[in-house]
Amino acid sequence: MSEPRETFDADDLRELHRMMAVLRFLEERVKELRLAEEVRGSVHLALGQEAVAVGACAALAPIDTLTATYRGHGWAAAKGVPVVAILAELLGKEIGTNGGRGGSAYLSSADHLFLGENSIVGAGAPIALGPALASRYDGSGRVSLTVFGDGAINQGSVSEAFNFAAAFALPVVFVCENNGLSELTRIDEMVADDQLWRRAGGFGLPGVRIDGNDPVAVRTAVREAVERARAGGGPSLVEAMTERIAGHYIGDHELYRRPGEVEAALTREPLVRSRQRLRELGVSDADVDDVERGARDEVDAATATARDAELSQSSTVREHMYVDH
Amino acid sequence: MSEPRETFDADDLRELHRMMAVLRFLEERVKELRLAEEVRGSVHLALGQEAVAVGACAALAPIDTLTATYRGHGWAAAKGVPVVAILAELLGKEIGTNGGRGGSAYLSSADHLFLGENSIVGAGAPIALGPALASRYDGSGRVSLTVFGDGAINQGSVSEAFNFAAAFALPVVFVCENNGLSELTRIDEMVADDQLWRRAGGFGLPGVRIDGNDPVAVRTAVREAVERARAGGGPSLVEAMTERIAGHYIGDHELYRRPGEVEAALTREPLVRSRQRLRELGVSDADVDDVERGARDEVDAATATARDAELSQSSTVREHMYVDH
Amino acid sequence: MSITEHNEHRPVTAETADLSYVLAVNAALRRALDEVPEVILYGEDVAKGGGIFGATRGLASAFGDRVFDTPISESAILGSALGAAMLGRRPVVEIMWIDFALVALDQIVNQIANTAYVSRGRWRAPLVIRTQQGHLPGACAQHAQNLEAMFAHTPGLRVGLPYTTQDAYDMLLSAVHCDDPVLIIENRSLYFRERVPVAVNGPVQPIGAAAVRRAGSDATVVAWSAVLAEVLAAADELSGEGIEIEVIDLRWLNPLDEATVFASVRKTSRFAVVHEANLTGGFGGELVARVAERCLGDLDAAPRRVATPDLRIPAAPHLQQAVIPQVADITASLRQLVSE
Amino acid sequence: MSITEHNEHRPVTAETADLSYVLAVNAALRRALDEVPEVILYGEDVAKGGGIFGATRGLASAFGDRVFDTPISESAILGSALGAAMLGRRPVVEIMWIDFALVALDQIVNQIANTAYVSRGRWRAPLVIRTQQGHLPGACAQHAQNLEAMFAHTPGLRVGLPYTTQDAYDMLLSAVHCDDPVLIIENRSLYFRERVPVAVNGPVQPIGAAAVRRAGSDATVVAWSAVLAEVLAAADELSGEGIEIEVIDLRWLNPLDEATVFASVRKTSRFAVVHEANLTGGFGGELVARVAERCLGDLDAAPRRVATPDLRIPAAPHLQQAVIPQVADITASLRQLVSE
Ligand SMILES: Cc1ncc(C[n+]2csc(CCOP(=O)(O)OP(=O)(O)O)c2C)c(N)n1
Ligand SMILES: Cc1ncc(C[n+]2csc(CCOP(=O)(O)OP(=O)(O)O)c2C)c(N)n1
Ligand SMILES: [Mg+2]
Ligand SMILES: [Mg+2]
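Residue numbers (the working numbering), protein chains in the order written: chain A, 136 to 460; chain B, 136 to 460; chain C, 6 to 345; chain D, 6 to 345.
Keep in mind that the hints were calculated from the coordinates and are not lab data. Keep in mind that this is a model prediction, so the values were computed, not measured. Mixed in with the good hints there might be a few duds.
Unchecked claim - Some but not every residue of chain C turned toward chain A, in silico, with C-beta under 7 Å:
no.	residue
1	D50
2	P76
3	L304
Ideal placement from N, C-alpha and C gives every residue a C-beta, glycine not left out.
Could you build all of it, start to finish, from the sequences and the hints given here?
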């Protein structure tokens with residue numbers, strides 16, 4: 136794993152910690168709402184993976200675009216989509232990002248250049264080529280970031296995207312969020328070489344594997360990739376190693392886990408890690424508790440607003456199929 | 136390029152030469168028949184690429200299977216499908232491999248374990264996983280060879296096949312027949328790294344680039360791959376460098392060619408090369424002419440038979456849609 | 006061997022088991038693995054995880070390497086199934102959601118469906134693709150489609166949609182024994198329905214026959230898969246009003262048992278189709294067209310279709326309810342049908 | 006900007022040019038690149054090679070990097086088109102054969118078609134997919150399908166099939182100006198038809214209207230794309246027998262101009278559809294169903310469909326002739342239709 140080559144101070148890390156805490160509490164809230172059946176259907180939580188989304192989005196400019204997966208609540212939030220709009224979406228409210236049409240696994244926000252989650256494994260990678268292509272013509276300097284899982288890398292469309300981006304030196308940053316699992320299956324049994332960053336080389340783009348539980352390491356690697364892309368240096372692949380500390384979906388019995396796996400993961404998950412680091416930088420646990428309390432309050436307030444909001448109108452459910460009639 | 140590590144003698148090379156000549160004359164005959172409109176529709180000739188098919192198939196056992204592309208007349212012949220059945224197929228005859236249902240671009244032969252040409256770029260690679268998988272259960276020791284073009288390597292399905300085969304150590308040999316062109320487009324403009332054999336590494340399978348105009352080099356590399364596969368060592372990729380000395384289709388104006396390209400290719404095409412080599416081994420040009428004459432006679436005789444044969448029956452055109460009714 | 010031969014050669018020890026739909030699927034797969042040595046079973050999460058819905062639970066431990074997990078590579082899954090079938094295996098592969106078939110439709114339509122015909126039967130592709138479809142509350146637009154019409158428009162592919170728990174067992178088993186490629190489209194809203202007695206280990210059924218689920222004289226309604234629950238509820242409700250609906254569970258779109266449909270229409274003189282798929286281009290159009298072509302003189306009223314309007318499927322449950330056929334939509338339409 | 010606004014803002018300098026179908030496509034693309042700066046044009050072989058059929062010839066040299074070749078990666082082509090459209094471009098991409106769309110159908114159905122609806126119009130996907138389909142003598146089963154029904158069953162996607170050379174120009178241009186994703190399905194058997202005078206540089210046409218290609222009083226026949234040649238020839242032949250067929254070129258399957266169809270059926274009382282696609286699940290079923298639903302009382306005879314039977318397409322010309330609708334098949338069917 137390459138080391139972070141970026142300096143950071145306590146304030147910087149505190150802010151990253153705050154954002155990670157927002158994502159954590161958001162996901163926990165989603166879990167509660169789902170268990171209470173206020174939210175219906177599958178929800179895929181990114182508990183334990185907060186550092187990847189927070190670190191990567193911290194490296195983006197507002198002009199940059201993002202495509203994510205169904206495990207994307209945190210990515211949406213890190214890209215700037217208000218937590219209330221995310222929760223409201225899951226609750227089917229008019230003020231939800233998509234008025235309930237997208238749901239947990241397929242929400243998007245044009246205002247935040249969040250092209251959306253995607254429920255088809257691997258499908259976001261080809262789509263992410265588009266904003267990068269547009270960038271060629273509109274002079275915006277936009278970079279397009281796409282995140283997908285370790286399992287998704289075996290989907291043909293992801294390989295097509297690697298090659299297409301590399302061949303045309305498009306400003307795309309591919310982030311592979313490697314949590315070692317694809318639903319109930321372990322990635323190391325599905326590939327001959329589980330150093331997934333090595334896929335990049337064959338397509339002629341740089342690849343790197345980093346510690347995905349460290350938001351600074353993620354931000355550093357993604358920033359390097361973003362800067363290269365913006366400067367015309369083409370795409371790159373960042374493989375961020377992380378662990379999912381929840382089931383694939385709510386109700387997952389996690390029979391595929393090895394003994395002690397989750398327990399071990401809990402000792403090195405991003406919030407534990409960054410609290411430790413903040414401590415080393417002289418930030419007291421009480422201070423960190425404050426930061427987390429602020430994050431929790433934010434999620435609580437968003438929950439209240441989202442809950443109180445109106446359901447989206449069934450009467451308009453046929454609208455917006457077409458722009459031209 | 137790696138060097139052939141196999142010994143060969145004049146008889147051996149003479150036989151390879153003969154087979155290449157059969158493929159050459161077959162393709163030239165197809166061209167004539169197409170220009171005369173006896174054969175209708177697109178035909179894709181492998182003129183200049185004979186050494187890949189002949190060398191690769193020489194490394195296979197009869198039990199091994201093959202999937203090829205629409206540019207596959209020569210591959211079919213090299214796998215043992217009689218030339219007459221190939222020509223008859225193009226002519227829509229009952230004795231054609233598929234009674235005219237397959238045509239130039241989609242013929243197959245169960246008798247020769249030739250799973251078929253394929254007109255969908257990249258589609259043969261996933262199909263080739265199947266015989267290799269079957270080999271696991273039937274104890275046959277079968278190896279599955281699949282050939283595709285340089286352009287096809289950018290199709291997602293080919294990457295999926297690389298990974299699937301590598302993950303399960305399946306006995307598959309991937310042959311990339313790199314003629315530098317995909318229809319009207321140059322491969323070097325469509326990839327960041329045109330050393331296509333390097334794609335293999337990222338998927339954890341061995342890759343090698345060889346001189347695809349030398350049937351011995353091809354046979355040696357493929358034999359190594361076949362032996363590894365048969366011994367349980369898993370799949371590999373052989374990139375065979377060759378040149379197409381005809382258009383992509385008949386009537387192709389070849390505007391995409393660089394000046395002198397075809398002329399240069401003609402000086403190093405397989406038959407010229409192997410005649411030269413035979414000469415070095417003491418085989419006279421007259422001897423080689425004899426061999427070629429024999430090949431031509433074979434194709435002529437096959438042409439006559441195919442031409443004389445009955446058209447397939449229109450009255451049976453609805454049969455064989457289903458096995459069970 | 007053919008289904009008839011198979012049935013003749015095995016001792017029939019028909020029993021009854023209390024099974025849910027998903028357990029019926031599991032039982033059929035277990036029996037197939039048990040009695041057909043060529044069967045191999047694979048797909049994403051099917052082995053160690055036992056399937057995302059548990060349909061394949063316990064099979065990997067029972068059948069070893071004949072049951073295995075795959076990478077998330079639908080083209081590789083389907084392509085390899087074809088190649089293995091051509092070489093003598095009888096693969097049963099899972100495409101977890103029908104929506105995902107679209108990343109690899111080439112392998113189904115351009116490859117699998119062509120194999121037997123183009124080779125005049127010298128190559129065969131006896132494989133089964135198991136998948137499931139339909140909406141459930143909260144399922145997004147990419148996980149809620151009903152795509153059977155695309156596959157029913159693919160000559161060469163058998164297509165079945167079991168509704169009853171018995172059919173979940175029988176039709177899957179028939180598919181495994183069929184020498185043609187078969188797509189079995191389950192519906193995950195049925196998986197965890199209550200257990201019912203299922204006849205297991207009986208003779209393998211031939212494919213293709215529709216089933217009359219409810220006899221009636223006032224109108225014929227054809228449907229398939231999960232929406233039959235709403236259709237049958239609607240029929241019950243209408244029965245209270247003195248309207249007797251004949252409900253046909255089509256079950257197989259290919260082969261298509263049009264004879265059963267025509268016979269019913271000739272009896273009732275009124276015809277409707279209900280499906281959860283979008284209206285335009287849905288398979289209901291095909292059925293209405295066939296009835297119009299063949300039974301025009303028998304019709305006392307214009308045929309009707311009840312279907313999801315031509316929209317994408319929203320995720321929120323209340324929005325889904327607004328677009329997906331409900332019992333009330335069906336009763337309203339059928340009341341009109343019989344009153345015309 | 007809307008088509009109306011666009012038409013108001015540009016000086017109309019309508020002219021006439023003698024063009025073949027493929028040249029009409031080329032002219033429309035050239036004009037689109039010329040007057041819509043957001044248009045980018047790409048696909049396999051479209052730039053340096055000018056397209057495998059020459060449809061894009063000369064455009065790369067005229068428009069520089071707005072026209073480019075791509076790797077053989079249909080998912081990347083379609084996905085990137087969607088992403089670029091969401092960010093303000095108006096991509097026009099080529100899928101060389103409709104059969105190849107099946108390797109990447111996910112991007113069309115699960116991605117492109119969902120974009121506007123699921124975002125309540127906050128994202129848009131104004132892109133055009135150009136492709137072509139149909140059989141030609143010798144074309145194999147993987148290069149000879151007619152798959153329009155699959156796309157017409159995809160809500161969110163506009164689908165047009167130009168038959169006339171004028172429509173090859175007009176419909177493509179309309180597609181570029183449309184803010185919805187549009188699939189334009191050409192037919193390569195039409196590309197090299199003789200040149201005819203084509204009105205170019207006129208106002209952009211709205212999408213969706215069917216065209217009556219031949220008036221008649223005895224029966225209504227709806228068709229689209231290349232098979233219209235056979236339908237019109239059949240109508241001419243029947244006219245010699247005193248039977249006058251009204252031939253409607255449907256042109257757009259989405260939006261669907263059913264009003265024109267119904268009006269004609271109400272006039273003629275007899276209805277048939279002809280298509281080259283396979284019968285079962287073809288779009289003809291949808292049309293017959295709609296006519297049965299809405300014009301039942303007007304029909305004097307059972308509606309009919311003439312289509313390719315449910316087979317894969319053989320390559321040999323004589324076998325193709327045996328399965329694809331020929332003029333004689335159409336006249337025979339229509340004679341029966343009017344005699345009932
Ligand atoms: C094309 C496709 N195939 C299969 C699925 C079902 N599926 C949903 S999530 C998932 C696992 C993905 O694993 P990974 O890419 O590692 O992402 P993670 O869930 O770990 O974030 C699978 C197989 C799908 N949604 N799309
Ligand atoms: C999926 C798909 N996309 C596009 C095509 C059209 N096509 C036919 S041949 C060809 C070029 C293939 O190039 P390559 O793989 O290098 O093989 P070669 O023709 O050089 O033998 C293309 C793009 C196709 N048949 N299938
Ligand atoms: Mg994962
Ligand atoms: Mg090539």
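Answer holds if the nearest beta-carbon of chain A is closer than 7 Å to that of C/P76; otherwise answer violated.
4 Å, holds
Hint validity - C/L304 Cβ closer than 7 Å to any chain A Cβ
30 Å, violated
Residue hint C/D50, partner chain A, criterion CB-CB below 7 Å:
The hint holds - C/D50 has a Cβ within 7 Å of chain A, the shortest such distance being about 4 Å.
In this structure, only the earlier hint numbered 3 is contradicted, and the remaining ones agree with it.
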